[in-house]
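Asker: What follows is each chain in one-letter form.
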Amino acid sequence: MGLIKALTEFGTQRTLRRVSSSEHFEFLRRHPLLQDIGDRGFLFLFDRIVERLFGKDELIFKQDNLGVCLFVVRSGSVLLEVTAANDDSVVLVNRASEGDIFGEMSVITEQYRTATARADAHDTTLLAMSSFDLNDFRTYHPADSQLLLRGLTDLVCKNLATATREAAVLQAELQRLQSH
Amino acid sequence: MLPTPVSRHARFYRYLFFTLALVLGLLLLYQVRTLMTPILSALLVAYIMYPIITSAAKWGIRRGVSIAMLFAAIFSTLTYSGIVLLPALHSQTNALVRGLFEYIPEEDKSTLPIPSPARGRGPETLGAGEAVTDGELDAVLAEKVVMDHTEMQEFLPNESPTSQPDGKAASTKRRWQRRLVNASLTRLAVQISERLHSFGMLKDPLEAENMVDKVARVIGQHLILPILKEWGAVVGQLTTYAKDFVQFNFIFWIVLAFALSDGRKIYHGIISLIPNSVFEPGIYILAKTSEMFGYYLRGLVVETAILAIISFLTLLPFCLISELTVMLSLVMAIIIAVTNIVRVIGPIFGGVISLLIVVVSSTDFIAMTGVLSMVAIVQLMDNTLVLPLVMKDQVNVHPAFCVIGVIGGGIVGGVMGMVLAIPVMGGMRVVYRILTVDMKKFNMDPEPRGKLLILPRIAEGPQ
Numbered sequence: 194m195g196l197i198k199a200l201t202e203f204g205t206q207r208t209l210r211r212v213s214s215s216e217h218f219e220f221l222r223r224h225p226l227l228q229d230i231g232d233r234g235f236l237f238l239f240d241r242i243v244e245r246l247f248g249k250d251e252l253i254f255k256q257d258n259l260g261v262c263l264f265v266v267r268s269g270s271v272l273l274e275v276t277a278a279n280d281d282s283v284v285l286v287n288r289a290s291e292g293d294i295f296g297e298m299s300v301i302t303e304q305y306r307t308a309t310a311r312a313d314a315h316d317t318t319l320l321a322m323s324s325f326d327l328n329d330f331r332t333y334h335p336a337d338s339q340l341l342l343r344g345l346t347d348l349v350c351k352n353l354a355t356a357t358r359e360a361a362v363l364q365a366e367l368q369r370l371q372s373h
Numbered sequence: 101m102l103p104t105p106v107s108r109h110a111r112f113y114r115y116l117f118f119t120l121a122l123v124l125g126l127l128l129l130y131q132v133r134t135l136m137t138p139i140l141s142a143l144l145v146a147y148i149m150y151p152i153i154t155s156a157a158k159w160g161i162r163r164g165v166s167i168a169m170l171f172a173a174i175f176s177t178l179t180y181s182g183i184v185l186l187p188a189l190h191s192q193t194n195a196l197v198r199g200l201f202e203y204i205p206e207e208d209k210s211t212l213p214i215p216s217p218a219r220g221r222g223p224e225t226l227g228a229g230e231a232v233t234d235g236e237l238d239a240v241l242a243e244k245v246v247m248d249h250t251e252m253q254e255f256l257p258n259e260s261p262t263s264q265p266d267g268k269a270a271s272t273k274r275r276w277q278r279r280l281v282n283a284s285l286t287r288l289a290v291q292i293s294e295r296l297h298s299f300g301m302l303k304d305p306l307e308a309e310n311m312v313d314k315v316a317r318v319i320g321q322h323l324i325l326p327i328l329k330e331w332g333a334v335v336g337q338l339t340t341y342a343k344d345f346v347q348f349n350f351i352f353w354i355v356l357a358f359a360l361s362d363g364r365k366i367y368h369g370i371i372s373l374i375p376n377s378v379f380e381p382g383i384y385i386l387a388k389t390s391e392m393f394g395y396y397l398r399g400l401v402v403e404t405a406i407l408a409i410i411s412f413l414t415l416l417p418f419c420l421i422s423e424l425t426v427m428l429s430l431v432m433a434i435i436i437a438v439t440n441i442v443r444v445i446g447p448i449f450g451g452v453i454s455l456l457i458v459v460v461s462s463t464d465f466i467a468m469t470g471v472l473s474m475v476a477i478v479q480l481m482d483n484t485l486v487l488p489l490v491m492k493d494q495v496n497v498h499p500a501f502c503v504i505g506v507i508g509g510g511i512v513g514g515v516m517g518m519v520l521a522i523p524v525m526g527g528m529r530v531v532y533r534i535l536t537v538d539m540k541k542f543n544m545d546p547e548p549r550g551k552l553l554i555l556p557r558i559a560e561g562p563q
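Chain order of the listed sequences is A and B. According to my numbering, the first sequence is numbered sequentially starting from 194. According to my numbering, the second sequence is numbered sequentially starting from 101.
In short, the hints are calculated from the structure, not lab data. Be aware that a few hints might be false.
[As the list claims (entries may be wrong)] Stretch-level coverage of chain A by chain B, calculated; a stretch enters the list once three of its residues show a Cβ under 8 angstroms from a Cβ in chain B:
| no. | segment |
| --- | --- |
| 1 | 254-266 |
| 2 | 284-292 |
| 3 | 319-330 |
[What the hints assert, rightly or not] Some chain A residues flagged as far from chain B (calculated, every beta-carbon gap over 10 angstroms):
| no. | residue |
| --- | --- |
| 4 | Arg207 |
| 5 | Thr208 |
| 6 | Glu216 |
| 7 | Leu345 |
The structure presented is a predicted model; accordingly, all values stated were derived computationally and were not measured. Just so you know, even glycine gets a beta-carbon here, dropped at the ideal spot from N, CA and C.
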């Protein structure tokens with residue numbers, strides 16, 4: 194068993210050395226979502242992450258469409274908008290910049306998109322990770338996938354907390370306006 | 101500036117362009133289909149074997165080394181199988197060819213483009229004019245067949261044992277023995293008629309013999325004769341086949357090596373072709389069809405292995421009580437399992453081939469029964485137990501569409517087309533379901549935005 198473990202570790206380290214010169218390697222290895230994941234798990238994900246380039250105002254995904262990928266912003270910025278149900282007005286709910294993650298909710302819940310994502314800068318580079326790859330990751334690297342899931346849950350909680358706080362502020366503002 | 105909605109005309113021309121491109125692409129693929137067969141075969145094998153390479157990479161083995169090891173294992177297996185199975189296949193093929201000649205009317209034998217064993221051109225055949233003495237023939241008959249001399253004369257009408265040439269008695273006797281064994285279809289008919297007679301279902305066993313003998317001759321004239329005529333053409337084109345074989349192998353092994361070493365790059369290359377506007381549906385369709393393909397192909401390998409074992413185990417008891425040998429059983433088990441890869445048509449083909457082999461090489465009624473029951477048991481177990489367990493509900497294509505698909509696949513891509521017909525149809529079904537159900541409301545057309553409200557947090561910028 195010791196020999197097998199040593200062989201595996203040897204192979205992993207050699208592969209890491211080989212891919213360390215690849216584009217996006219350092220960026221992803223130091224990303225808060227992925228920095229705690231083990232080498233083998235990281236290599237598994239790194240092999241599957243896909244780079245996409247978007248022009249300004251180009252749609253990345255649209256509200257109510259089926260969501261398959263979560264995106265990490267490598268460069269540029271992305272606007273996240275929600276269309277109000279009662280009229281055509283659009284609320285800009287977030288602006289994602291380098292290092293930010295978006296689209297994680299559909300990947301976790303496997304539901305339709307709750308917002309529309311649009312590139313806000315020319316040559317916005319995104320790194321996409323599909324829910325199918327994350328499912329495989331859960332199968333082959335269960336311990337690392339726990340860490341990743343924890344990171345995504347933290348992100349969702351943080352966004353939820355922000356949204357709750359903003360909803361409370363807006364509710365108070367609405368009541369103040371109604372009282373006048 | 102807000103993007104303007106795509107006009108109806110622009111959308112029509114876009115769809116027209118993609119449809120024309122698709123049609124042209126398919127036409128191009130059809131034109132180069134001879135090259136596509138080895139490429140597709142290699143990609144197929146690579147798809148099945150890719151998990152082995154990735155697992156080896158996890159153990160610290162470099163891709164190049166693991167591919168070399170895999171190739172060495174494949175070549176070793178092929179060589180060993182060749183050494184073990186080829187002599188058996190060779191003898192069975194010889195027996196098949198010799199046997200086929202038995203059922204061709206004499207007048208038609210002269211029209212065949214290849215030397216007929218019945219005309220004495222082959223080294224192991226009975227030549228015209230050669231004969232044995234009545235005593236020797238009687239001894240052979242007593243040992244090998246249940247019929248008497250008169251009946252023997254009936255089913256070998258053109259061979260009259262009159263005089264014995266000097267120094268040829270033993271070899272001629274052996275030839276007679278072979279000839280009697282080869283005439284197994286007639287003998288089988290006699291055995292069946294005797295069984296039917298013993299059960300009281302037939303008044304006179306000779307009637308059945310005559311009937312089957314006539315049927316055999318009709319089959320010989322209308323089925324086997326055309327096959328042998330075609331066979332002659334095939335032998336005449338051996339050079340062409342050898343060239344095709346070399347070309348196939350050259351492309352196959354190179355593509356297989358590249359596909360195994362750069363499988364992930366190929367996958368990324370395919371994804372990079374997907375436009376941004378349909379990126380997520382593209383990933384979804386690719387993943388779902390790939391999942392279905394994976395299930396089907398890996399399931400097919402497992403299914404083939406299970407069927408080969410079941411076929412072999414079913415035939416083994418018959419080796420003890422009939423003339424069936426273990427090696428012959430193994431060959432037939434592999435034939436049945438491998439031909440089963442082509443759905444619907446394959447099992448029929450495999451059953452007929454196995455039956456032909458046993459008819460020609462053995463005169464035993466029990467062996468025939470064994471093969472027939474093996475084919476039936478294997479099909480029953482495959483449809484009720486193995487297929488539902490291995491494939492689950494991944495490729496649920498209606499049998500009628502299966503037949504149409506397999507025939508269509510055969511026309512377009514030969515054997516590989518027939519093998520791939522069902523997973524391709526399954527893939528089309530998956531895509532159709534995704535487009536009509538999962539992605540029914542999918543829409544990436546840019547629409548004019550109404551009033552834009554910006555939350556204070558966003559308006560203030562990063563904290």
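Asker: Compare the structure with each hint and give your call.
Answerer: These are the hints, each one checked on the structure:
Figure legend: the segment 254-266 of chain A, annotated as covered by chain B; annotation consistent (8 residues with Cβ-Cβ distances under 8 angstroms, at least 3 required). With 6 residues carrying a beta carbon less than 8 angstroms from a beta carbon of chain B, the segment 284-292 of chain A meets the three-residue requirement, and the given coverage holds. Three residues within the 8 angstroms Cβ limit are the bar, and the segment 319-330 of chain A against chain B gives 3, so the coverage statement holds. Chain B draws arginine 207 (chain A) into its interface by the beta-carbon criterion, the shortest separation being 7 angstroms against a cut-off of 10 angstroms.
Not every CB of chain B lies more than 10 angstroms from the CB of threonine 208 (chain A), the least distance being 7 angstroms, so the non-interface label is violated. For glutamate 216 (chain A), the requirement that its beta carbon stay farther than 10 angstroms from each beta carbon of chain B is met, with the minimum near 13 angstroms. For leucine 345 (chain A), the non-interface assignment is confirmed: its Cβ lies about 18 angstroms from the closest Cβ of chain B, beyond the 10 angstroms cut-off.
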